[in-house]
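Here the sequence shown stands for residues 1 to 685, numbered as in the working numbering.
Honestly, the hints are just simulated from the structure, not real lab data.
Watch out, some of these pointers could steer you wrong.
Between beta-carbon pairs, the in silico distance windows are [stated by the list, open to error]:
#: 1; residue 1: Y590; residue 2: P59; range: 26 to 36 angstroms
#: 2; residue 1: K428; residue 2: K360; range: 24 to 34 angstroms
#: 3; residue 1: R107; residue 2: N508; range: 42 to 52 angstroms
Backbone N, C-alpha and C define an ideal beta-carbon position, used for all residues, glycine too.
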Amino acid sequence: MKTRNEKRMMYQRALTDSILKLDPRRLARNPVMFVVEVGSVLTTLLLAQALFGEGQENPAFIGAIALWLWFTVLFANFSDALAEGRGKAQADSLRNARKDTQAKKLREAKYGTPFTLTPSSALRQGDLYLVEAGDLLAADGEAVQGVASVNESAVTGESAPVIREAGGDRSAVTGGTLILSDWLIVRVTANPGEGFLERMIAMVEGAKRQKTPNEIALNILLAAFTIIFLVVCITLLPFSLYSVNSSGLGTPVTITVLVALLVCLIPTTIGGLLPAIGIAGMDRLIRRNVIALSGRAVEAAGDVDVLLLDKTGTITLGNRQAVEFIPVGKANERELAQAAQLSSLADETPEGRSIVVLAKEKYNLRGRDGGAEGMTFIEFTAQTRMSGVNFNGTEIRKGAPDTMLEYIGTNGRAVPADLHKAVEQIAKHGGTPLVVTENGDALGVIHLKDIVKGGIKERFGHLRKMGIKTVMITGDNPLTAAAIAAEAGVDDFLAQATPEAKLKLIRNYQTGGRLVAMTGDGTNDAPALAQADVAVAMNTGTQPAREAANMIDLDSNPTKLIEIVEIGKQLLMTRGSLTTFSIANDVAKYFAIIPAAFATTYPALQALNLLGLATPASAIMSAVIFNALVIVALIPLALRGVPYRAVGAAQLLRDNLLLYGVGGLIAPFIGIKLIDLILVTLRLT
């Protein structure tokens, strides 16, 4: 949460930036507001003419119109600057994490060899450097040797340390983070100024934010409306002059009134808020520690209709847990639990610890003191494919069914008939069986299970209502994958997934016109990430995965993909809702300003003064003031976003039209009438 002082500074910076954005070269990127600025300049010149010469209107009226037109531009700039200000605040935080440190540069990737102290700014891609406990990582890179605990709070905000090690999918390290223990030898992957932190700073500042295709299309539409109404208003002046000269009645419409009419006719509301909506969408991702490398990715997230989710760590907790002891033959469950616990006392894997915990919770078994009992623990090896313990002439072993069946046969023991049945039953339900033996005799089977995360099934149901298909990606066999998919509630799954299979699956969906999102962290995920429309790489992942993605999750939380899709849909909903409001808003303003603008030329038009506005000048002034104030009123909604609800498209459209369409029609009538009453009461017209 921002402190009061930080908020005040953010508003002050936004006010300053809104004035700087008056530069026509910058404002020209927004055609609607550029036209309003031109109108502001023109009415200001007309004010000068009225003050020092002969003007077409009362100087007070022209001055008020000019003032509120300038306010309209400033309010639009303020909404844009305020949205950018959030990103700049995040960028300042990231910039503080970037420091020029002394790196221990190495000639070869070998721990213990001499190093040379080198400024981090002098490191180049391909250089090697050593980091030890207490050192800051000097530059982005890949760990090529060692394993260490790293504090990445400077980048992610997460205080819990993470493990980084050479090889695998957790070898990528980020400059500016702190080594807490052990050491790493890092190969630099980016030159100075090109690192991950620098790219993040450039992205969150918003200055380089690219417009999305839909945003570009909407800008073109708004520009077309502006050009059409500009032509209309330009032609109205000679038409008014001709009518007055030919009939000899009334007075021609003035340029000031025509400028006011133009500003009220063109879609200034959405034109002023559109940049802020796009920037705020990226800001919502940034506040969730996700960096979007392009605006297109944020928008594509809103259109995604297929999610590819990795099973491990996303749908399941990531570690198999022991959930059941199934005895076979003459053994009972307590005997099996005790043997399983003893064989797992030295097993530091999550599976081994869960076996010890289950035996303790279910039978209050505490294990034995290894030293006192003279235990010798047998570690798992690739050759034996089993582990266990020896003590007092007793041999306990546990391992995969095929290995253990061979072990039982080698010891000349018979395989109990119910052992095969127990193994098959566990596999059928998507679990992993571990067979336990004592002195060569089968005692039973441990049921290890992937634990599906709590609430994940409900989230998938929520996505289904949004029209999004969920697909689980796993390396498990089809039987196991099917069981977990059914329990998690996903719509489909890809078992025994290879990089080629993932890539093919994505292309098949895209060929059918679907937009696909996926997460990944390994080098083997890079091809699929590059193909996906929305590709979210984990910050802990490999460099190839991060380079292939168009979003980076600093928290390395695979389930964040669901939030990203919801944020994307919220962005599209916000833009659509405010566009609907803006167009409806303009329709209502026509009834207020057009009769008033031409009442001097055609007095009969007063019959269309449905709001009963006091005078033509009051009507025009009220419409211009409302046109400016409505932008300010909608800034919080543009920044916060319209909440997205998981309902059908037809209901969304209906609700959108009712709330923002009808609301956009009604609000101007009420607002303009209230402003008119205030102006009359204060005798300002």
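Does the Cβ distance between Y590 and P59 fall inside 26 to 36 angstroms? The hinted range 26 to 36 angstroms holds for Y590 and P59, with Cβ atoms some 28 angstroms apart.
Status of the given 24 to 34 angstroms range, CB of K360 versus CB of K428: Cβ of K428 to Cβ of K360: about 28 angstroms, so the range 24 to 34 angstroms holds.
Is 42 to 52 angstroms right for how far apart the beta carbons of R107 and N508 are? Roughly 49 angstroms apart at Cβ, these two residues keep to the hinted range, so it holds.
In summary, the structure agrees with every hint in the numbered list given earlier.
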